[in-house]
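There are 2 protein chains.
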Amino acid sequence: MYRSHTCGELRETHINTKVILSGWVQKTRDKGFVVWIDLRDRYGITQLVFDEDRTSSKLIEQARSLGREFVVQINGTVIERASKNPNIPTGNIEVLVEELTVLNESETPPFTIENETDGGEDIRMKYRYLDIRRNPVKENLIFRSKVSMEVRKYLSNEGFIEVETPYLIKSTPEGARDFVVPSRMNKGQFYALPQSPQTFKQLLMIGGMDKYFQIVKCFRDEDLRADRQPEFTQIDCEMAFVEQEDILNAFEGLTKHLLKEIKGVEIDSFPRMSYDDAMRKYGNDKPDIRFGMEFGELNAVAQHKDFGVFNNAELVVGIAVPGANSYTRKEIDKLIDWVRRPQVGALGMVYSRCNDDGSFKSSVDKFYDQEDLAKWAEVTGAKAGDLICVLSGDANKVRTQLSALRMELAERLGLRNAEEFAPLWVVDFPLLELDEETGHYHAMHHPFTSPKPGQLKLLDTDPGAVKANAYDLVLNGNEIGGGSIRIHDKEMQSTMFKHLGFTPEEAKAQFGFLMDAFQYGAPPHGGIAFGLDRLVAILGGQETIRDFIAFPKNNSGRDVMIDAPAAIDDEQLKELNLKLDI
Amino acid sequence: MYRSHTCGELRETHINTKVILSGWVQKTRDKGFVVWIDLRDRYGITQLVFDEDRTSSKLIEQARSLGREFVVQINGTVIERASKNPNIPTGNIEVLVEELTVLNESETPPFTIENETDGGEDIRMKYRYLDIRRNPVKENLIFRSKVSMEVRKYLSNEGFIEVETPYLIKSTPEGARDFVVPSRMNKGQFYALPQSPQTFKQLLMIGGMDKYFQIVKCFRDEDLRADRQPEFTQIDCEMAFVEQEDILNAFEGLTKHLLKEIKGVEIDSFPRMSYDDAMRKYGNDKPDIRFGMEFGELNAVAQHKDFGVFNNAELVVGIAVPGANSYTRKEIDKLIDWVRRPQVGALGMVYSRCNDDGSFKSSVDKFYDQEDLAKWAEVTGAKAGDLICVLSGDANKVRTQLSALRMELAERLGLRNAEEFAPLWVVDFPLLELDEETGHYHAMHHPFTSPKPGQLKLLDTDPGAVKANAYDLVLNGNEIGGGSIRIHDKEMQSTMFKHLGFTPEEAKAQFGFLMDAFQYGAPPHGGIAFGLDRLVAILGGQETIRDFIAFPKNNSGRDVMIDAPAAIDDEQLKELNLKLDI
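Sequence order for the protein chains is A and B.
Just so you know, we're using our numbering here: the first sequence kicks off at 1 and counts up by one.
Just so you know, we're using our numbering here: the second sequence kicks off at 1 and counts up by one.
No lab work stands behind these hints: they were computed from the structure.
Be careful, since some hints might not be right.
For chains that are exact copies, the list does not tell them apart, and a pair is met inside one copy or across any two.
[As the list claims (entries may be wrong)] Listed below are the simulated DSSO-like cross-link pairs for lysine-lysine, each with C-alpha atoms no more than 27 Å apart in a straight line:
| hint | residue 1 | residue 2 |
| --- | --- | --- |
| 1 | K361 | K330 |
| 2 | K153 | K263 |
| 3 | K361 | K281 |
| 4 | K126 | K508 |
| 5 | K574 | K383 |
| 6 | K260 | K579 |
| 7 | K366 | K574 |
| 8 | K153 | K31 |
I would like the entire structure built from these sequences, with the hints used as guidance.
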């Protein structure tokens, strides 16, 4: 037996108990006549003591010889600590060691195994197994496990069945790139790894499975942006015989359950906002509503003077930044530089200070008088002490720019409180999205999303105006889930493929099995998928998903710990009937 | 709202309730003045009634027009059935329909959606989504979901953390073939799909995660034997600071929990048997101990006469087949033909009938007298009425042959009761296995398995004799789990790689990260992995895993429903820097 107790378990009630502990040497303090060792395992730290009065000199010497991260087993007796440590649960006791066995030695680790480590990101990724020993990483993984378990418990109790769908499927040209897997047994052919189990879950609905979920890995061979992973985990869900309302209620239930069980936060019912409103009020389809700074559209009150910049703009829009009248001219100039960075792309920023005496001082006083500026304040909801920031230009672009500014200022002002949770349903998404480069429309959600009843005809005349029963669940400014009511009619699906630029042959080759399935009594159905990595990160009060993944890949899609991907044998290539073409 | 109740829910207490149901048309019976329709969903069947007295003729006509598998929604009132059906839970009621909406039509399905269908395996696989509508398949998938959930609940309660390990890893030449995934971002390099998360779970132990599990897909590009799948699901588990005994207890606990929760079967403690004993007694490392027919080794009582076949054999071994003295000469001849089939490979079979009067009648009476045959009966445990079947030859081969005969006879005699559960730990597996073709030893379990303490030296002198702390959990003659105590010492791991024929360079290239990790305080650890597909099938009283997989592949690794694998675009190949070489 390697241990009778864990290193997080012993309390005053255990005093005088003989115990066996195993763990890692966290720290040694040698006072000459007494040596203390902090022994660490997954559950905590227990202080070991060796002293001249009660310990043999041989054992003390052995204790002194232990390095950081040595793995040891000890037998000893729990005793009361002379100087207690109220900061750790085992702080009232220590273990007087009677026997010590080194289970394994350790080289000095390349970074310290402490909550705040001296190791940079790269080295911690290379030695991820050591990084996992650190409390913050370890706790994140345990937290993730807990969230997954709660998801499963809740959905199982609600009658959802977890069904495993295949990983070796078929490549589809839609959307992001597939990872493909050459088949040795089927020469020249490839499987693809799923970007999501979308078609399979729809087939399960056609199969009568009615309430399906799965926590499942998905794969996308995209050029990775920061904080994207080539493999990611989805809580994938689908229901049959439902309308949008049923789905929103079911998964609002799930999210409430998680907030309550995991964070102790109770939220009554989630607000809903249309996509159009979200864009208008926040310039963003995933608005963070933990704070205000709603957009005020100023065209009516800013385009009546001689200021050409505004007069020529499609949209003039501003936000009131609370308390920001205190910003110095220099600080405001920096803010203007910030919005002009290429990542944001504004040409400039107009501002108006809201003074305590009710007067205004703007960067465009040449054009606008106090009465004008008072109207700006009214429209943006600015109060004395606020700063009104105004951008102008093409409506879509300027909304995105102002949204970036809004988020940045909220961050600076500490308005994005990680312990506050503000869920929001964004509904009524457009069905299609214009690709400005190609001039073609593509599916905003995916090609299986159903247009809203009665809007099918609009597809021919005004495709961009067609709305879908598609919805996103937004939490603290992050999209944590998204879904839609699906098409379940073969004709409508054909029409949709046609509008998305598939030839009938392409549609048949790629999705023939789904179209076939629609012929045999497909029920009305819809679903949702949550990004587990992000959900867990946000529930954990963070926004970096990498910290919640045991073995993440870097921005080049590499696992630097195992050094993958890697070259393979010529032999292996030959068996797969492949040649490199570099 | 598509439904107020499911089709499995309504009882006599609902009589006079207005309900909305949705589902598929299972069956229509038209008696002229009355039409009954069985409406089916995941939860059951409810009888709908339309009759001339109470239903408009238009509605009756509409009911008559419905085909099998049409999806309909009805509004109606629950009424008492005139002729009750005690075979289904809703058999006391029916619903008098007031409104009927066709939600989707259906072509006539290619096979009947009944428990006993007229569809063959191939057509059912092609239309798997229709097959899933059938109760037996649907129930299997729900059963699987339940087993997975119970596994997770039990292990979570025991402090195990489910950690997701990566799917895009690195190819290793050990054992079966990897599926590989070309990397677009890393030219000429490939990921591999995991055959198991073995090294990652060991790294988690080194990371202090201590109790890990994961229900995870694994991949093997093998030439598929019947009932093997290229992707399969594993319950993967690992523990640190444990000895073999700790692991056996932990997972005996899990298995008992499953047997109790899922099957209502309570088993006290699982018997254990050494690998050597299992081979000697059953000719098999996964013996089915639901029945006897233990092997009796007959060398001592069969090699003293002039029967050359036996005298020249390394092993003469028999089993007593209960009650099989009733077999006719013709039946026994057929049995002899059966063991001589190339799949079994015996040269012949000797038998001895155990007559009711205590006498024997054997096929080798020329060589053996009654006293000899009495000893055979004693050694094999044969009683009056039994038939002793004896094979001889090379020990390993003859054991395998007799094991095949034993299993075949048990099947024929109905001794393999699917509702009886006989778990068994087989322990003390050999560390290495001789590959008779190459003359090389390879790891019986995997190269990370630790030899039993003190046996390392034997590796040089008698590698085949080295035993490992490796164990299998056997249930009803199937291996449902297997694992071992792992090596946690860098030197021992190097030695092991050397014995397995890896050069130091190969070992470093393939497993350098693991060897590195061993330098930083690797704790003693070990684990086990269960084959979920098989476990579920056996708990479900069946042995074919395909019936418990939602979308299985066929023996060529094809998904015939979606028609994968398939060719991919030249464009896609080019992006991956690959050329076909066919």
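Taking the hints in turn, this is what the structure says about them:
no.	hint	verdict
1	K361 with K330	within (15 Å within a copy, 111 Å between copies)
2	K153 with K263	both (16 Å within a copy, 21 Å between copies)
3	K361 with K281	within (25 Å within a copy, 96 Å between copies)
4	K126 with K508	between (45 Å within a copy, 16 Å between copies)
5	K574 with K383	neither (72 Å within a copy, 59 Å between copies)
6	K260 with K579	neither (54 Å within a copy, 53 Å between copies)
7	K366 with K574	neither (75 Å within a copy, 59 Å between copies)
8	K153 with K31	neither (51 Å within a copy, 47 Å between copies)
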